[in-house]
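Asker: Whole structure, please, built from the sequences with the hints as guidance.
Protein chains: 4
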Amino acid sequence: MQKKLMHVGPSFTSYRIQMAGVSENTGFASPDFLDAMKYSLEGLLYVAGADDSYMPFILPGSGTVAMETVTSLIPRGSKTLLLTNGVFGDRWIPILTAHGLQMDVLSADPGHAVSMADIEEKLEGGDYQNLIMTHVETSTGVRMDIEGVSKIARKHVERIIVDGVASLGAEREDIARLGITAIISASQKALGAPPGAALIVASRSALEDINEFSYFFNLKNWITPMERYLEGKNGYLSTEPVGVILSLNRVFSDIRTTGLEARIDDHRRLSLALNEGIEAAGLKVLAERDLWSNTVTAVLSDHADEIVRRSMDLGIEFATGVHPKLLGKYFRIGHMGYVNDFDALSALSVIERAAAQSGEKVRIGEGVRRAQQVLYDLSHGR
Amino acid sequence: MQKKLMHVGPSFTSYRIQMAGVSENTGFASPDFLDAMKYSLEGLLYVAGADDSYMPFILPGSGTVAMETVTSLIPRGSKTLLLTNGVFGDRWIPILTAHGLQMDVLSADPGHAVSMADIEEKLEGGDYQNLIMTHVETSTGVRMDIEGVSKIARKHVERIIVDGVASLGAEREDIARLGITAIISASQKALGAPPGAALIVASRSALEDINEFSYFFNLKNWITPMERYLEGKNGYLSTEPVGVILSLNRVFSDIRTTGLEARIDDHRRLSLALNEGIEAAGLKVLAERDLWSNTVTAVLSDHADEIVRRSMDLGIEFATGVHPKLLGKYFRIGHMGYVNDFDALSALSVIERAAAQSGEKVRIGEGVRRAQQVLYDLSHGR
Amino acid sequence: MQKKLMHVGPSFTSYRIQMAGVSENTGFASPDFLDAMKYSLEGLLYVAGADDSYMPFILPGSGTVAMETVTSLIPRGSKTLLLTNGVFGDRWIPILTAHGLQMDVLSADPGHAVSMADIEEKLEGGDYQNLIMTHVETSTGVRMDIEGVSKIARKHVERIIVDGVASLGAEREDIARLGITAIISASQKALGAPPGAALIVASRSALEDINEFSYFFNLKNWITPMERYLEGKNGYLSTEPVGVILSLNRVFSDIRTTGLEARIDDHRRLSLALNEGIEAAGLKVLAERDLWSNTVTAVLSDHADEIVRRSMDLGIEFATGVHPKLLGKYFRIGHMGYVNDFDALSALSVIERAAAQSGEKVRIGEGVRRAQQVLYDLSHGR
Amino acid sequence: MQKKLMHVGPSFTSYRIQMAGVSENTGFASPDFLDAMKYSLEGLLYVAGADDSYMPFILPGSGTVAMETVTSLIPRGSKTLLLTNGVFGDRWIPILTAHGLQMDVLSADPGHAVSMADIEEKLEGGDYQNLIMTHVETSTGVRMDIEGVSKIARKHVERIIVDGVASLGAEREDIARLGITAIISASQKALGAPPGAALIVASRSALEDINEFSYFFNLKNWITPMERYLEGKNGYLSTEPVGVILSLNRVFSDIRTTGLEARIDDHRRLSLALNEGIEAAGLKVLAERDLWSNTVTAVLSDHADEIVRRSMDLGIEFATGVHPKLLGKYFRIGHMGYVNDFDALSALSVIERAAAQSGEKVRIGEGVRRAQQVLYDLSHGR
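Order-wise, the sequence lines are chains B, G, X and C. Take 1 as the starting number for the first sequence in this note's numbering and just add one per residue. Take 1 as the starting number for the second sequence in this note's numbering and just add one per residue. Take 1 as the starting number for the third sequence in this note's numbering and just add one per residue. Take 1 as the starting number for the fourth sequence in this note's numbering and just add one per residue.
Keep in mind that the hints are not guaranteed to be accurate.
Copies of one chain are not kept apart here, so a pair can be met inside one copy or by any two copies together.
Stated by the list, open to error - Using 30 angstroms as the maximum straight-line C-alpha spacing, the simulated DSSO-like pairs for lysine-lysine come out as follows: (1) Lys155 to Lys284; (2) Lys79 to Lys220; (3) Lys79 to Lys233; (4) Lys3 to Lys220; (5) Lys151 to Lys3; (6) Lys151 to Lys233; (7) Lys329 to Lys284; (8) Lys155 to Lys79; (9) Lys220 to Lys361; (10) Lys38 to Lys155; (11) Lys122 to Lys79; (12) Lys3 to Lys233; (13) Lys361 to Lys38; (14) Lys122 to Lys233; (15) Lys3 to Lys38; (16) Lys220 to Lys38; (17) Lys233 to Lys220; (18) Lys325 to Lys220; (19) Lys233 to Lys329; (20) Lys284 to Lys79; (21) Lys155 to Lys3; (22) Lys325 to Lys284.
Hint data in this document are derived by calculation from the structure and do not stem from the laboratory.
Answerer: Now the structure itself:
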């Protein structure tokens, strides 16, 4: 049986997207790469909801590379309020610490989000110049209210930095409208390209004052290269992952064709089908219902690791839980990238079977039936 | 949304199988082609259930090429009883006619099979040297009782020729045990390779008396080439479809790995899930229940053509009906080749939605639920 | 070391063309197949130099399938003059014989072509309704003067049938202007697509009187399907090799982009570089200089088979000789399809080295130098 | 005409290697990725000539990422002697500067290498704990005498760091024997995989004292992940470029099959053919003859940029010169990765033609002839 990848790391991509990256003889100075790079940089602005006052960056690397690079926007001596709903929110702590940057941290329990009241109170009571939040927390599937937080934060801080690793391309970001300073992501998550590229969109005004704690992570060094790429010229600084960019180019072309709104709606629809299907089958979703994200669904089960193993045998690779408070107590379904209705049904089919085999009381068939109903009810002809 | 092909012609294949056929620099004399050809010829004997008294043939062409080529086994002046359950059974008529071969025809109504009683009566009442039957009739999804027919036929005729185009690799053929003279097929159907190769397995004794009505269709001309290929040597007569053979090689390797029995069981399981899912959703299967085949399901509906059109929009390409008595009144689901559990659920999901949109009274979700139950009940860890 | 295929069967194709044929979910009724089929049929007319009075056919099969199918244009009772310059010219004999068609044969020694004088004499002395010739004889690399022969033949016969298997797409055919009745080819030769499709272009008036000796080989049965494909509709008669057609579609698209003239010129240029390179290296070309074809070069050597074996080890697969009068005394270089300047130099590099290793007196480096000069002198900026 | 990439960035790779990276459903926790990662880490040790006292690292990134990461081996307060033969040697300056590390710099003119005498004098006269050298300088094609420098350096410094970006896999490194502390490279250069992975091999003892100036660039954070990968377990820290690793795995498998020695010899042979071909054609190589590297050839010409442009039109993409002292006065041929004899001849063919078209006095054909002679003379049956 062919295997599906519904992990939360590199998630479901399509053969078509991967093949777009196979180009035997394309180098970083080749015209087709330069076209793809320009188009991808523009596409990055588009999915972030950025306007001309923002600058896009695509670097060789990963989400973590994007995190540490965007940190160069934070001036020495300034103070940051970090909101964290899980493992990937927590990752900002050692990064900021490595560069001697001061911060306070507001954390939520797994499945929950830091509350607006707590944020407001903290911002009013402290002297913060920066706020960092994670739009969708990969470790728990919780979506933060990006609009609500931004509205409050804009009143108190100069810089709002959003980790959009698990959201960019599948959730509405709208950074210009929300006054967000910078958003980061990576090629392999919600966008559904292969891993290898770190993505950043940053306000041009914020780029004027860079904290130069590194050569590679220094956004200042990347401005000219990216300006050149945006003009269709070779902007070599460090070798870009050529194949990944060619794939990313195809992703952005697909998004332009579908329209970002329709793509986001589709992810929302699939997410609802999956989450409701999980509960109809008799399992429990970790995140509170109003925090369900479009891209990650965490499912509670005392047999979580066994379900992941059995699901692998049944043809789908899910992700085990990684939150230290719930190790072995939940697993995660990634529904990013090119996931579709068929994958949602397949995921539920496999989970029902694997959970039953693992000793969970599940209602075989009820999960897929509920998902099918949701898909039908919310369907719009696609 | 990515499209699935669940047609009855080239049916669901996998990217992996297609890619096996991409080999930039392989010609008909290249070692890797010669290996693949030998392995495929041996694999063909295996899936047919043939022993050393049979000879395998792989020719450039299609199922129809296989039909006309195998006709060279029928001596001038002999008489054939042709059993036909639909359009592809009927195709033997112009072929035999073109070569001046005499025949009588027993036909069944769509959804039915010629009865054993009728066959027996006809064979006893006439002077036939040959019998031709279609194992699975692609136009209706009806499976003929190959064992029952063979048992009767062996008493009366010298040659039993089986059209296994829609069955070889997904139904038990067992031609040596059943005393079948020859079976034909094509690469793109139940085997799940791309189209381009005509497949024949014929008894070596039957090859001694060839009706030489053609150069290409003359099996005698192909014996030496195939003997050479079986020895791993270049057996060029006419250029083989190199890429198709490389893909076919991979298919046979997969079948050897899984085991033919397990592969057939899996198709039976998927077929049951699909057929019962169709009926649970409130639609009607054309074939009588005990004639359900492992590879083709024909579904009755007054909105058949609309359902096929809407399904295409929803992501799956099914086949319209082609039986002249039921045009526009049914459609067909192909579940050949590399189809799997996920495809069965996806097919039902799409059919429920497309049928509802077309005005059929369907119970949304009941088809997928029933299929999921069947898959779970009959599951064996795959 | 990566291997190059410079055989005369499936010849050099490109990864790009093969990949064009990989389309996981395309069947014979899928819109993208129907587009490709229509475009390929039109492209076939274009490369043959046909006009509206001709009809194109693409069938599952091979060159031999095309030969036997086009034979259905020859009426019972008519008489054919067959011109043959080698093995593939000779193949028409058993085909015509199988269908009881009368013929006289004019043969040339290997490396030579039947002379105009002999043809004229024969035509004047006999009562022929048909003439068959091979444009480029694959077994010897000899090109027949298609224009000269046509001019004479038109005065004497009703039907001129040309075997363009090794020429269509790399030599000028111009069948409408020359009054040729039909030309055949196959996907995998001069056109450079993978093997699997038989190609025929036939005069519509000749199609009115078909010799119905077969079902599949009966061109009458294929008229409606092809008419439908030309209208962009499903024209199913027997399953087309879907992947091969998708590749062929890309080939025709490339030819339209380059222009047929430029493509033919390029083959002529490469052929000259190769042939002159061979002679500069100290080896001898089998064909007389004014019969050198654009696609096949036969090279004389007493060590021919050893050279082929050693060349394989050095990275290029050439073809051994097959002409019965010269077995083991020559080998063949295929320069069809997507062969380019680099391949010509590589071929000569390998031949020089393999020939020297085999004991031939060759001037190492002189072949590649001469080829480079020819390529430079005839270069036109590509 | 199909394009060849003989750039010095991502250089010639093969379709086979790129396709190895296409795996629709492989994530960072998938068994096939874990196998590939373990095998690649072991392969990295092998090509570096490392033993058990070394630790391999594969990170998402580029050569520059490897440079900045390996800098974490240099303790604060220590002093470095940097040897630089060009642009990429110079890049260490801003990297070390960004982290407040002290250094002295010895530079050579383009085409030359820093002399042993200068190195010895400097080391004896100063108090250095670290030495950094570039094995092959990509900007000039100059190969440094790694053995000679190491021998001297070992007497004076604690840490020798080698930039092997343009050499690892095509030049002998032998770091254990030479007492080298660490070597860095990237996936896309001499190894011939696609870009996306930064490669480091470091002495385990040097890892005990890490300069923690960053989160991502802190080698200490990567030790446990790599240890786990070496045990075949998931070692997630930051998402690895899954496809690139799958390709790299195939490269290392190829190298194990051929043997590292044979691979290096082959590159040396090709390099000699290219360099001597260039001079036979009448052009001049930038590097002194005893500094010719196995992977990069820089060619002097006043028409360098025009030659690069015309070569692109003729089918090969070379690299323009980037050394600030010689901009527009030279171009570079990359002969890394999967380059072979055919590519060497093709490169010379194109350069001769492009140079002639650009007004250089070249002897058309003499370059390819000389290369063919070198290839023949040094040939060993491959």
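Asker: Determine which of the earlier numbered hints do not hold for this structure and return their numbers in increasing order.
Answerer: Result: hints 1, 3, 4, 5, 6, 9, 10, 13, 14, 20, 21 break, sorted rising.
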